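J.: Generate coordinates for the entire structure from the input sequences, incorporating the hints supplied.
There are 2 protein chains.
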Amino acid sequence: MYTGIRVKDLDRSIDFYTRVLGMKLTGRAKIQATKGEVAGLASEDGGHELELNFYPKGSRFATRYLAGHGLDHLAFRVEDIDRAIREAEEAGYPPVLEMKTEKSRWVYIVDPNGIYIELFA
Amino acid sequence: MYTGIRVKDLDRSIDFYTRVLGMKLTGRAKIQATKGEVAGLASEDGGHELELNFYPKGSRFATRYLAGHGLDHLAFRVEDIDRAIREAEEAGYPPVLEMKTEKSRWVYIVDPNGIYIELFA
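Sequence order for the protein chains is E and G.
First residue of the first sequence: 1, per my numbering; consecutive thereafter.
First residue of the second sequence: 1, per my numbering; consecutive thereafter.
A portion of the hints provided could be inaccurate.
Covered by chain G, per the in silico footprint, the following chain E stretches (three or more residues, Cβ under 8 angstroms) [as the list claims (entries may be wrong)]:
#	stretch
1	38-46
2	52-66
3	69-77
4	87-94
5	106-118
Each computed DSSO-like pair below joins lysine-lysine, with the alpha-carbon atoms no more than 30 angstroms apart [stated by the list, open to error]:
#	chain 1	residue 1	chain 2	residue 2
6	G	K100	E	K57
7	E	K100	G	K100
8	E	K8	G	K103
9	E	K8	E	K30
10	G	K24	E	K100
11	E	K57	G	K103
12	G	K103	E	K35
13	E	K24	E	K57
14	G	K24	E	K24
15	G	K8	G	K30
16	E	K8	E	K57
17	G	K57	E	K103
18	E	K8	E	K35
19	G	K35	G	K57
20	G	K57	E	K100
21	G	K100	G	K57
It should be emphasised that the hints constitute simulated quantities derived from the structure, not laboratory data.
Computed from a prediction, not measured in an experiment: that's the story for all the values here.
We put the beta carbon where it would ideally sit given N, CA and C, even for glycine.
T.: Right, dumping it as structure tokens:
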């Protein structure tokens, strides 16, 4: 099983998911059926695959981009949440929302496509 | 890492992901911070976790639901694609799109929330 998100800018999105979130680029390919391009990413902790789908102008899938609510968020476990927030902020992705219970804390940043990314410890 | 989708009906969505797609329910809990409820699912092939997020009326997260394009699709590998399509159709989820290359074939169904689900062999 894997999760495929649609992206507005493939290079910027690859940069975000590899540099800010520590994922590994596993491949990149043009897709004839969509006239677009796709990139595969693997999570740092293994197991999870994320596919970035880009549709250029002229592709029948290149509808107006609305991040929407289908994808509520993608969540990444981090070792040190304060350090993760600081590093994301330095990379240009400041926290936009924080939630807390007595035991847990979730901090959200927004990816280049408008998708919410949860950081949790 | 995990993927969290927002759902319009938690019971119907759990039914879809467990019965039609073979995922396992790993837990279900009320979340004070959102006034909502969350369910955890694990993929048949292990590794991948999917979180279903439900926000009731009155939750500040219960905005009007648009599946949107952030989540392009969730993809599930199946053993026998013709059988998988037949079973999904019998469960009330007929194929809505099919794509083919010489080597590959992808068939899409739509989950109870309007999210595209890819079946591939």
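J.: Mind listing which of the numbered hints don't hold for this structure, in increasing order?
T.: Per hint list: 4, 7 and 21 violated.
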